[in-house]
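For the protein sequence lines, the chains are A and B, in the order given. Quick note, our numbering runs 528 ahead of the 1-based positions in the first sequence. Position 267 of the second sequence, counted from 1, bears residue number 257 in our numbering, the numbering being contiguous throughout.
Everything labelled a hint here was simulated from the structure, so no lab data went into it. For glycine and all other residues, C-beta sits at the position ideal for the given N, C-alpha and C. Do not rely on the hints blindly, as some may be mistaken.
To be verified - Chain B stretches covered by chain A per the calculated footprint, using a threshold of three residues with CB under 8 angstroms from any CB of chain A:
1) 164 to 175
2) 303 to 313
Stated by the list, open to error - Pairwise CB distance ranges, derived in the manner of DEER restraints:
3) B:PRO98 x A:ASN718: 40 to 48 angstroms
4) B:PRO98 x A:SER641: 42 to 50 angstroms
5) B:GLN125 x A:SER551: 33 to 41 angstroms
6) B:ILE166 x A:PRO733: 33 to 41 angstroms
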Amino acid sequence: MKNDNAFKYFSLATTWIWLIIFSFVPYGLVIFASLMSHDTNHLIRLPFTLQNYVELSEPIYIKIFIKSFYIAGISTLICLILGYPFAYTLARMKSRLKGLFILLVIIPFWTSSLIRSYSMIAILKAKGIINSLLLSLGIIHEPIPMIFNNTSVIIGLVYNLLPFMILPLMTNIERLDNRLIDAARDLGANRITTFRKIILPLTMPGMIAGCILVFLPAMTLFYIPDLLGGAKSILLGNLIQNQFLITQHWPLGSATSIVLAILLAVMILIYLQSKRNKKEQDLL
Amino acid sequence: MTGHIIELRGVAKTIHGHEILHNINLEVRNGEFLTLLGPSGCGKTTLLRLISGFEEPTQGSIFINGNDVSGLPPHKRHVHTVFQSYALFPHMTVFENVAFGLRCKKIPHAEIQQRVTEALKIVKLEKYAQRKPEQLSGGQQQRVAIARAVVNQPLVLLLDEPLSSLDYRLRKTMQIELKQLQRKLGITFIFVTHDQEEALSMSDRVVVMYEGSIEQIGTPRQVYEAPQSLTVAKFIGEVNIFDSEVISIDDKYITVDIQGKKRIVKNTIPFNIGQKVHLLVRPEDLRVWGQAEVTDTAEMFPGTVEEVIYKGTTVDLMVRLSNNQLVAATEFFDEDDDRLEYAIGEKVWTTWLSGWEVVLPHEE
């Protein structure tokens, strides 16, 4: 009995210690820093103030927030549209090639995404591969501007984050019971109805998981807008990076991180709440 | 028109070069409860999927209500399937599940409402219309699956081992309910199972399948009491098999030699003198007598009791005969024999009433 208890406390303690070291303490420090003052000689200093949060409500910052949400949202949507059919085909595949295809999805992870983003420049730039090809084929007469704008940032984000959409979706679709699809066909549903009424609702958890996994990093991956977006494209990730490393305004950077975290948490809570409400309605 | 609701002619199915079904000929009568019975892997589910249209036969043709249905998709065949483990849509309520087929056919809203309510009433689930499948018990889910199929008024309902995931008691109850439902609806049921007891107790006719072929078609009584092959006899119920040889033949009877003793049995199939045959005797037809109980042992076989299993209504015995063959006997309590006390190791005489055996040609 006594040993059992000891083990119970030990495993609980491990979880808590892990959470404290890797989650609560860092977050506590960031919150703490976000409430401090700043001057040119000190990274952070007393007194405590809410000034940083007030500063974030200035239009320039709000604009960056909105733009970041917009870019991350578009990238997530594109990942979903591109990833779903691929994940579906992959999940339903029975041949031995399946393992190979999954490997092909994962292989890019083995190269630094920084390097892959540099290679995107080579592909997208004015004298890059795509433009050269289109010019030489006579399809276009002057290069399409594809780099150092929002398009290139979105392309870069989609390219880097697509696997995070595909993998959870694939797992979800694989678990989908084939007999449900048979049953829908048996009851007279055509392919479109089966997809809309059965497959889509049942793969919703995979889509949500994929969207969260893509949207969160899309908000904060600072080096992709840095490399592919040029100077014009400042997103939240760059903003936070600049505040910490260039202007060395730690309190403002911390406040930005906290606001971002709160916004994302609220979005997830709204989603969970909507699901719970739906469940309660169903019970009535 | 063939007069049969479903007819299969020379149907064969090959999957990945492996022949799952060969030369299946089957006629299903309108309104009957037909069971496809066989061990797993005998092709009975494949046969069902050919009828439902999820698979196409490699050879032969299938007629539903007199029409050749080759190439027709499942929903154009007027048959519906109740799947093993039900395949209810987990994200829909019971009502929506049942309404699904009607909605696909664009039936007016009011009619859907009425027909679904009616179907749920038949399976006694009208109070559960707004529940999700996960909130129902196994038996209730089963009934939703049936309601979802019958609401579309199919000509034939195909049931793929629908009771296999229920526990023993619930299975018994559902067997009776299914049978009653089938009588009430008057729809033809084709029921797949590997449980011979289930097949015997529910069906009008049983199709016994083995390794992709139909071994025998008949009423439960026919397949149990008059099996046409050793396979059928062994698969349905338990059976003791005595190897023997025909000694003499007349119009009605043949005399066979079993372990040096002569027995006279009914002449059912034309046999030849000297032909090797199997005599099949069900355990419940085998009589076991104590040494003191009998005097005339000319047609009896001596043995030793090896195992006694008391089962309440019966006593099951395992008896080792003098030629080392082990036979099973089930003894009933009745007015002739109300004690049924046997000791392990006791010397006994075993026999059966002439005419209760089945004689089949010898098979290796």
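Tested hints:
1. Restraint check on the segment 164 to 175 of chain B versus chain A: 0 residues with Cβ-Cβ distances below 8 angstroms, three needed, restraint violated.
2. Taking a C-beta to C-beta cut-off of 8 angstroms, the segment 303 to 313 of chain B contributes 0 residues in contact with chain A, too few for the three needed, and the coverage statement is violated.
3. Judged by the Cβ atoms, the range 40 to 48 angstroms given for PRO98 of chain B and ASN718 of chain A is violated: they are separated by roughly 20 angstroms.
4. Checked against the hint of 42 to 50 angstroms, the pair PRO98 of chain B and SER641 of chain A fails, with Cβ atoms roughly 56 angstroms apart.
5. At roughly 36 angstroms, the beta-carbon separation of GLN125 of chain B and SER551 of chain A lies within the given 33 to 41 angstroms, and the hint holds.
6. In this structure, ILE166 of chain B and PRO733 of chain A meet the distance hint of 33 to 41 angstroms, their C-beta atoms being roughly 39 angstroms apart.
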